[in-house]
Amino acid sequence: MPLTLSDLPTGMPATVLALHVGMEQGRRMAGMGLRPGMHVRVIRRSPFSGPLQVRVGHTDIILRRSDASRIEVVPETRQPVQA
Amino acid sequence: MKRVALLGMPNTGKSTFFNRLTGAGARVGNWPGITVDLLSARILLAGQMVEVVDLPGIYNLHGFSEDEQVVRRFLETQPVNLLVLILNASQLDRQLALALQARQLGVPLLILLNMADEARKLGIAIDTDTLERMLGSPVRLMSAKFGTHHREAIQALEDALRAHPELRRADAQAFREDLHIERALDRLVSESVHTPVQIPPTVTDRLDQVMLHPWLGIPILLLILFALFQTVYGLGTPLQDGMEWLFGHLRAALLEPAVADLPRGLRSFLAEGLYDGLSTVLTFLPVIALFFLAMAIVEDSGYLARVAFLVDALMSRLGLDGRAFVMQLMGFGCNVPAIMGTRIMRSRNLRALTMLVIPFSLCSARLQVFLFITTAVFTPTVAPFVLLGLYVLSIVLAMLTALLWRGRYVSHEPLLLELPPYRLPTARFLLHESWRATLQFLRGAGGFIVLGVILVWFLTHYPFEAQPAGPATLAGRLADWLEPVFAPIGLDNLLAIALLFGFVAKEIVIGALAVIYSAGPDQLQAILASRLDSVQAMSFLLFTLIYTPCLSTIATIRQEGRDWRLTVLSVAWPLLLAWGVSFTFVQVARALGY
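Each protein sequence line maps, in turn, to chains A and B.
Start counting the first sequence at 1; every next residue gets the next number (the numbering used here).
Start counting the second sequence at 1001; every next residue gets the next number (the numbering used here).
What the hints contain is simulated information worked out from the structure, not anything from laboratory work.
These numbers come from a predicted model, not from an experiment.
One or more of the hints may lead you astray.
To be verified - Per the computed footprint, the stretches of chain A lying under chain B, defined by three or more beta-carbons under 8 Å from a beta-carbon of chain B, are: (1) 32-41; (2) 49-58; (3) 63-76.
Even glycine gets a Cβ: it sits at the ideal position worked out from N, Cα and C.
Sequences are here, hints too, so could you generate the full structure?
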């Protein structure tokens, strides 16, 4: 079960893996900076299942949880792995 | 003539730059095949007149949102000498994507990195030389808001215009090919933009901890909106009343003596048709100017996007969004500026639905009528509950309308908004916005309102020998003819004529009732109390609440919506609903023996 942005715990840094959205919405998201490889973090969640505030690069955006559940993410390890 | 188009993403200060560049001379213009108005201005640059066009803010040149299509259509059909691309310097990590796309258009490009001050505060260093080299276009840093490096930006603009004297159309092929620019973007960003690894929490982050707090956020929002409402209407409504008073006195003191010798019909036309029409338009100006001043603060400070964050959970269930919430609330003061305010919404359908819903907000003009009639007909203990009931009904009907019509006006745009940092708006920008909205109301809706007032004047005054608003006038005959419609909702012909007046504006309903019953304002309450039982009075109040708030609202919907079907619907649907609600109320009340 892949982790999506809507399930990502608030404050945990992650990387966008894939957008499971249509082309048009994917373009819009990319315009906001949401594209594979970008670092994201959920800043806060609006009450009553409202939208998420997400930080992507230097931009803060808000999006609905239904849209966020189509964005697959992987949490970043907090400490760099020692080689 | 030379032409320059400004292109950029939303929230980049593109309009601020446009305002600074063009001053007050901007006008709204139509372009062939383009459905929205674009602001443009003619200014002197490099010794020649140049037309500067402000294109809508877009995220992508390949997308299919309305704004994206407008931009594409414009660039495909209108040749330009230069495309000025405005990017937010603190968000180059994503905004440079637009530069990479614009480069494919084959049109000379000048790139202005705006908000350089914000980027510097965040510790972002930008290597403009590398950017110029990699993009092949001149790049300048500036701050349009504070005017920093404005001269250098103009200089670069003039140099580019001299270097490209010929008009060129964008390569239409470039719009079709959706390039995979991610790699190029990553390379461009990593070589030219240097950001600190950890950006320290900003003032915005700290403010948001309070403003977007899980359970403090909404009370704060309501408090802010209440303060705005009080400021706009606390100042605006007395100004509006003052203007009405002034126009009334001017008419009595100057106009009526001046036209006294004219034939009766012409005299009445000038004093009660044309003059009243013009003064109706003018009395809206203070409240519109103040409203847009307040809205510009809410929008430009970055708070509006936060409102969307806070109330979206509720509004999305109605098919609306957070911005609709703000306008709906502001509509309780006056519907006209609230409808004009929907222009901040970019989705056409979302905007149409919001415009359909706003007129149900019980505005201050309707409140005047309700206060007068409830105190006349109901006992002091009942009257406040009647009034409260009308407010509740106003909200219920707005929600019902949204639910019923959201299928017709489906918005496909997902809520995906940028949450910009808090910014202090400049006075210059606020005045600019307020002035522009006021002018647009005058030009767009003014003529329609005057015509409508004249039409209602004609109905209620022709033939001129008859008593104005009496049964012998066209309005009286119309009311006779409509008796089968009004009888089932308990309203007689005289009340039906008053409703016809109310189509122009609710504040004249009481005056019209006084004329119809040939009573002074002090006697009118007693006459109403003796003539109307509580069921009839309630039916009149319900009908007045729900049907067309005023001609100016319709004129504004027509002007802003650019869709005659929406305009017709915004008249027909509330009329139908008003009749239905009044009918149900009267029949149920009578059946229960009241």
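Going through the hints against the structure:
Proximity of the region 32-41 of chain A to chain B, defined as three or more residues with a beta carbon under 8 Å from a beta carbon of that chain, is established by the 5 residues found. With 7 residues bearing a CB less than 8 Å from a CB of chain B, the region 49-58 of chain A meets the requirement of three and the coverage assertion stands. Counting residues of the region 63-76 of chain A whose CB lies closer than 8 Å to any CB of chain B gives 3, which reaches the minimum of 3, so the coverage claim holds.
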